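Student: Sequence:
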Amino acid sequence: MTSGLLITLEGIEGAGKSTVARWVVEWLGKHSIRAHLTREPGGTELAERVRRIVLERGSETVSATAETLLMFAARAIHLDNLIRPALARGEWVVCDRFTDATRAYQGAARGVDRTWIEALARRVQGDLEPACTLLLDLPVPVGLARARSRQSGPADRFEAETQAFFEQVRAGYLEQARREPRRIHIIDAAAALEDVQRQVTAVLARMAPAAEGEA
Numbered sequence: 023m024t025s026g027l028l029i030t031l032e033g034i035e036g037a038g039k040s041t042v043a044r045w046v047v048e049w050l051g052k053h054s055i056r057a058h059l060t061r062e063p064g065g066t067e068l069a070e071r072v073r074r075i076v077l078e079r080g081s082e083t084v085s086a087t088a089e090t091l092l093m094f095a096a097r098a099i100h101l102d103n104l105i106r107p108a109l110a111r112g113e114w115v116v117c118d119r120f121t122d123a124t125r126a127y128q129g130a131a132r133g134v135d136r137t138w139i140e141a142l143a144r145r146v147q148g149d150l151e152p153a154c155t156l157l158l159d160l161p162v163p164v165g166l167a168r169a170r171s172r173q174s175g176p177a178d179r180f181e182a183e184t185q186a187f188f189e190q191v192r193a194g195y196l197e198q199a200r201r202e203p204r205r206i207h208i209i210d211a212a213a214a215l216e217d218v219q220r221q222v223t224a225v226l227a228r229m230a231p232a233a234e235g236e237a
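Under this note's numbering, think of the first position of the sequence shown as 23, with each following residue one higher.
Possibly wrong hints are sitting among the right ones.
[Said to hold, decoys possible] DEER-style ranges, computed between Cβ atoms:
hint	residue 1	residue 2	range
1	Ala177	Gly112	35 to 41 Å
2	Arg56	Thr83	40 to 46 Å
3	Ala153	Ala182	29 to 35 Å
4	Gly148	Gly112	16 to 22 Å
5	Arg220	Thr87	37 to 43 Å
6	Ala213	Pro176	28 to 34 Å
7	Ala227	Ala86	36 to 42 Å
8	Ser25	Gly80	37 to 43 Å
9	Met229	Glu82	40 to 46 Å
10	Ala98	Ser25	16 to 22 Å
11	Ala177	Ala224	30 to 36 Å
12	Ala153	Ala86	25 to 31 Å
13	Ser54	Pro161	36 to 42 Å
14	Arg172	Arg204	29 to 35 Å
Calculated directly from the structure, the hints in this document are not laboratory data. All figures in this text were calculated on a predicted structure; none of them were measured in a lab. We put the beta carbon where it would ideally sit given N, CA and C, even for glycine.
Hey, can you work out the whole structure from these sequences and the hints?
Tutor: Pasting the structure below:
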């Protein structure tokens with residue numbers, strides 16, 4: 023049995039990552055590829071507890087530095103207890119957000135030093151990197167309108183951020199895509215869902231045959 027592959031989905035609020043991630047797992051299943059759906063921050067019981075600390079709006083300040091450390095703490099737990107074991111079993115892992123989110127949100131938007139983020143990434147991840155990242159990109163006003171139209175409760179710490187903040191996040195994502203075009207595939211998330219699925223299928227179809235041949 024060969025190791026599985028890690029596929030990540032990235033994008034600003036309202037990009038449709040969760041919907042597309044579920045669809046990716048279904049698509050892989052139809053092509054005889056066992057896949058595990060997860061998310062960050064979170065993915066395991068303990069990592070989800072860290073997620074709540076990150077997202078809750080409380081009376082205490084959470085600095086950009088503390089936020090970054092919490093993200094990597096949750097990621098380390100997630101990797102040790104879910105992602106690496108699943109990959110070792112030969113499963114694919116489809117993860118809604120990963121380290122690119124830290125680079126965009128804490129790095130590009132919060133101003134956390136990029137070199138420090140990369141040092142933390144090396145320490146936590148080692149040589150593990152996504153085999154493929156689907157960047158669901160759309161204009162910030164469109165994404166925020168979508169996100170706020172389905173919001174059922176109080177906004178969390180990120181949902182409450184300004185449009186200017188998310189413009190920086192989006193710019194950070196697009197810069198990463200320019201630096202790593204072979205890994206990060208930009209998907210037009212402003213399109214209809216069927217078109218988004220067609221775009222994603224074109225990416226997955228290039229990966230699935232090779233994986234199936236190795237099984």
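Student: For each hint, tell me whether it holds in the structure or not.
Tutor: Now for the hints, and whether the structure bears them out:
Checked against the hint of 35 to 41 Å, the C-beta distance between Ala177 and Gly112 comes to roughly 40 Å, which is consistent with it. Checking the proposed 40 to 46 Å range against Arg56 and Thr83 shows it holds: the Cβ atoms sit about 43 Å from each other. In this structure the supplied range 29 to 35 Å holds for Ala153 paired with Ala182, their Cβ-Cβ distance being about 34 Å. Between Gly148 and Gly112, the C-beta spacing of about 19 Å keeps the proposed range 16 to 22 Å intact.
At roughly 41 Å, the beta carbons of Arg220 and Thr87 sit within the given window of 37 to 43 Å. At roughly 31 Å, the beta carbons of Ala213 and Pro176 sit within the given window of 28 to 34 Å. As the Cβ distance of Ala227 to Ala86 is approximately 39 Å, the hint placing it in 36 to 42 Å holds. Evaluation of the 37 to 43 Å hint for Ser25 and Gly80 yields a pass: the beta carbon distance comes to about 40 Å.
Distance hint check for Met229 and Glu82: the Cβ-Cβ separation is about 43 Å, which falls inside the suggested range of 40 to 46 Å. Distance hint check: the CB atoms of Ala98 and Ser25 are about 19 Å apart, consistent with the given range 16 to 22 Å. Distance hint check: the CB atoms of Ala177 and Ala224 are about 35 Å apart, consistent with the given range 30 to 36 Å. The hint said 25 to 31 Å for the Cβ distance between Ala153 and Ala86, and at roughly 29 Å that hint holds.
About 37 Å separates the C-beta atoms of Ser54 and Pro161, a value consistent with the hinted range of 36 to 42 Å. Range check, Arg172 to Arg204: about 33 Å between beta-carbon atoms, so the 29 to 35 Å window is met.
Violated hints are absent here; each numbered hint is respected by the structure.
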